[in-house]
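Peer 1: Listed here are the chains, written in short residue letters.
Protein chains: 2
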Amino acid sequence: MPNVSSPRLTRAIGALSLARGGKLEGVEVAYEQYGELSPSGDNAVLICHALTGNAQAAGEGGWWDPLIGPGAAFDTDRYAVICANILGSCYGTTGPPSTNPSTGRPYGGSFPVITVGDMVAAQEQLLLQLGVRSLASVAGGSLGGLQVLEWLARRPGFVRSAVIVAANLAHEPWTIAFNECARDAIRNDPNWLGGDYAGSAKEPAQGLALARMIAMISYRSAPSFSSRFGRRVSGTAVSGQPQFAVESYLHYQGQKLVGRFDANAYVRITEAMDAYDVGEDRGGAGAALRAFKGPALVVGIDSDILYPTWQQRQIVDTLRANGNVAEYAEIATPHGHDAFLIEWAQMDQHIRGFLAELPG
Amino acid sequence: MPNVSSPRLTRAIGALSLARGGKLEGVEVAYEQYGELSPSGDNAVLICHALTGNAQAAGEGGWWDPLIGPGAAFDTDRYAVICANILGSCYGTTGPPSTNPSTGRPYGGSFPVITVGDMVAAQEQLLLQLGVRSLASVAGGSLGGLQVLEWLARRPGFVRSAVIVAANLAHEPWTIAFNECARDAIRNDPNWLGGDYAGSAKEPAQGLALARMIAMISYRSAPSFSSRFGRRVSGTAVSGQPQFAVESYLHYQGQKLVGRFDANAYVRITEAMDAYDVGEDRGGAGAALRAFKGPALVVGIDSDILYPTWQQRQIVDTLRANGNVAEYAEIATPHGHDAFLIEWAQMDQHIRGFLAELPG
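Here the protein sequences line up with chains A and B, keeping their order. Under the numbering used here, the first residue of the first sequence is numbered 1, with each subsequent residue one higher. Under the numbering used here, the first residue of the second sequence is numbered 1, with each subsequent residue one higher.
Please note that a few of the clues may not be correct.
The list treats identical chains as one, so a pair stands whether inside a single copy or across any two.
Taking lysine to any residue pairs in the SDA-like style, the calculated list, with each CA pair at most 25 Å apart, reads [unchecked claim]:
1) Lys256 - Pro190
2) Lys23 - Thr236
3) Lys23 - Ser102
4) Lys23 - Ala12
5) Lys293 - Gly157
6) Lys202 - Pro190
7) Lys23 - Gln241
If you're looking for bench data, these hints aren't it; they were derived computationally from the structure.
Produce the entire structure from the sequences given, and follow the hints as far as they go.
Peer 2: Right, here's the structure in full:
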């Protein structure tokens, strides 16, 4: 596949007033850009990342790399593809591990409550600074898809099309349940200290690892685990019982996240996801999305248990009822929710086809 | 529904050699009995309970009460219905909270590794003491169903029929994943102390509560949570974000288990469940079950994600390939795995119909 790379850049966007109250001073946004912005500033595509993602969407190790580049689905010969780390995360954009300018110490547990709207507000400030006048498209999967919906509701005139993958209008309680168990795993860690672990010798690593293990159950599927692991044994547990390969896998995934993510960020971002409802305080989802007039591609994943396909069909129905051209496509895969980071051929086909039909 | 009650009785069954090595001395088994054993000792039905169940299957608060009694599906005018607390549990049968006779202190973390085979071995000693010569049927759901399979493999001549609900021949990795996350929640609790918390002031309550919360996700279903809780808010979390009703429900369920169950028992029993494979060391499931000649009713639950219905069909196929009469019935319900403790009318219909056709 084509390959592009970008240095990670950072922009200071100043103060940001937050939806649930309070204000963050001196906010910085980390981003990457692939392809050139046109003089008129109207060929940008914003890519929105998921819970533990970052701004590195393309290039080696980029989380959507096969979809972004010259001649790729998101064609960098045509578009300036921009991906920014979300507010509240830990990959360069202001988040809990960032230094609070008023104290000179990390926010930690004092980082304010944020919303998906706040994440989009930070992205908007970045785009305005970069000279973007209009987005040819905004695209994302999972939490990225929630951000896309928020863009449509918040700045309908700024966005000309949308690609929403494996997301929903608002989290259902079964999804909230997974997130609350994950948060509880973190809060139960004796090193959590209410989030103020930055000054202590230890981090809530066990809790964060377990949070990831719980989430992995929901990101994949029972059939994918059965075909990948079966009842293969990878060793003997301390107890003397067999240690199954699936258990070793979960622990490995947990430890991997500990090495690259922050527990406060995990808590704050999952809270924002659960709280998000595009129709809240907007008279419902239909009314919230009514001012957006562009076409949309909504992609479901047939084995996704976390954001099952009826939820993407609901997005399509809502948009169509508003008069939008809304296309539904479904990824056929055993891999579950994570398929939007795995099934490159199908993702490419659907997104490429959708963007090819856009005017301009 | 008809109602019967029984005092909880206890029998000392002596020493028990364990499948994974070691021996438990002075084992006691708690049980209840509903209905009279015939002089020939051949009208007993053994009921096997699930992970956190107990011997009280019938009577007020009994976990299968609507199915057991005079004229009920398990008709106590016809059968002596016996239910025993499993080995390794904490409701009267020897388990981690029991006193180790060789030290005078609770076993705690030193309780040996047990298997489903050990649970059945303890039941067998009890039944022989009670004068049972042959079981008209052995029945159970979830872990109870694993015990039924073990009975068929271990004592095929002792069992004349079987009722297996929402169980499988061996745990699939996605189910093991839920259990390992639950065990990790317990082990991460600073009060766990490797299981030796009996002498300390605190128990691993947070860990056990989270274990239950994780399990509850798998015991119910996304549609049941959606219809029951939706996005109803029950308060405001410490963070300032909404506290969803589903979150309050999970915490309530977690606390409820803390009040009635032991963390060591939770770990030991789930390990035994994950390790169980009826065909292990027996040449596969077909060979393991070949000597059992009786009829079987196998019940699946259409919304069960933990033990999905293909797994019950696999049991049926295995039995039929051996020449058994094996009937498959499916509970239609939104409630998920727990439906075997909820959908009384359907459970009654299938079990009553099956037992009515038995000879004698």
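Peer 1: Does each hint fit the structure? Answer for all of them.
Peer 2: Verification of the supplied hints:
no. : hint            : in the structure
1   : Lys256 - Pro190 : both (20 Å within a copy, 22 Å between copies)
2   : Lys23 - Thr236  : between (51 Å within a copy, 20 Å between copies)
3   : Lys23 - Ser102  : within (12 Å within a copy, 64 Å between copies)
4   : Lys23 - Ala12   : within (15 Å within a copy, 67 Å between copies)
5   : Lys293 - Gly157 : within (8 Å within a copy, 72 Å between copies)
6   : Lys202 - Pro190 : both (10 Å within a copy, 14 Å between copies)
7   : Lys23 - Gln241  : between (52 Å within a copy, 16 Å between copies)
The earlier numbered hints are all upheld by this structure, with none contradicted.
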